[in-house]
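Trainee: With the numbering used here, letter number 130 in the sequence shown gets 130, and the count goes up by one each step, no holes.
Be careful, since some hints might not be right.
To be verified - Subject to a maximum C-alpha distance of 16 Å in a straight line, what follows is the list of computed EDC-like cross-link-like pairs (lysine to aspartate or glutamate):
hint, residue 1, residue 2
1, K296, D284
2, K296, E265
3, K296, E163
4, K296, E85
5, K296, D77
6, K296, D280
What the hints contain is simulated information worked out from the structure, not anything from laboratory work.
Since this is a predicted model, take the numbers as computed values, not measurements.
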Amino acid sequence: MKPGPAFDLALGQVAPPAEAPALSFFEFWPGWLFYAPILAQAGWLALRTRSATGLTAANPRIESGGLCGESKREILDQVTGPARELIARYTSLRTGADAHADLPAAEAALDAAGLAYPVVAKPDIGCNGAGVRRIADRAALGAYLAAFPRGEVVLLQEFVAHEGEAGLFYIRHPDEARGRITSVTLKHQPVVIGDGRSSLRDLVLADPRAGLVAHLYLPRLGARAAEVPRQGARVPLVFVGNHCRGSIFRDGTDHVTPALTEAVERLARAMPEFHFGRFDVRYDSPAALARGEGFKVIEVNGVGSEATHIWDKRTTLGQAWRAQFFHYGQAWRIGAAMRARGARPTGLRALWRLWRRQTRLMAAYPAND
1 MKPGPAFDLA
11 LGQVAPPAEA
21 PALSFFEFWP
31 GWLFYAPILA
41 QAGWLALRTR
51 SATGLTAANP
61 RIESGGLCGE
71 SKREILDQVT
81 GPARELIARY
91 TSLRTGADAH
101 ADLPAAEAAL
111 DAAGLAYPVV
121 AKPDIGCNGA
131 GVRRIADRAA
141 LGAYLAAFPR
151 GEVVLLQEFV
161 AHEGEAGLFY
171 IRHPDEARGR
181 ITSVTLKHQP
191 VVIGDGRSSL
201 RDLVLADPRA
211 GLVAHLYLPR
221 LGARAAEVPR
231 QGARVPLVFV
241 GNHCRGSIFR
251 DGTDHVTPAL
261 TEAVERLARA
271 MPEFHFGRFD
281 VRYDSPAALA
291 RGEGFKVIEV
301 NGVGSEATHI
311 WDKRTTLGQA
321 WRAQFFHYGQ
331 AWRIGAAMRA
341 RGARPTGLRA
351 LWRLWRRQTR
361 LMAAYPAND
């Protein structure tokens, strides 16, 4: 891993060199191209460990180990004891045959959980920010539920107002007393600044970074793209902290502290047999995060998660692939160790069914923010 760049504690941002390009050259490659070497590694590790799906045994209490098709709520429900205070509050409901009955049921669930608007609505099954929206009021929640697939679970979560968002990657081998943080990603919303004359479309196209990936933002803006923001107005282009949706990722791995490691260790140990994955958090300030304080967990991801610091535009392709090889290699090795202890991996047929269902659902979810 390369040495970390300058870190601005006041802004919570990693300062890029002046000559840094707007995007890395591989940042938005087609998935088949970027992940081809990782899939080749998976094939080799499957042969070596004598299991085509052995990595799914790394987190045996999570369906498929968290590779695909797992329930977000069921994972969050596994956090017990004092560590539950670190979890953003949530509730859920299953949409019914009559869409008109969903809104009263949802608001009753919010009341029971002590939640009030705004909240974050997200599918219980899914990835890459599909279907995630900030819900400001009753009308927005009603529209979201009406567009949601019937008979599926919606997670309604406390909106954590902290501006900072981060992904904290944790690994612990089953024979180790303590785990470690192997990756930290600092996530930032892309923002354009109004000048009182230009439309949102023009501001996006003129931005050095956003203009190169305008296809990620303009369809989401829809009719708003014609609006002209006032002078100095800051307009976020995306809400969800996902790189493939257009969020900006910075490598914060070199800013791991013993205090943060201890906080994540307590969190991971509050879950049964959790060895590999990423905690997505919103945090109050970089200084508080470094002390292991002032953050809330909004999602826990298993073996399907990625060390997303690789999407920092300063990361080289070689560094990105090495990070991928290391992390997924660890997942397979932990899975093999857990199999030796009696854990059973998810079978190929079951994994195929989970993937097909997740893919079908993601295509049917409402558009994300």
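Trainee: Output the indices of the hints that this structure fails to meet, ascending.
Mentor: As far as the earlier hints go, not one is violated by this structure.
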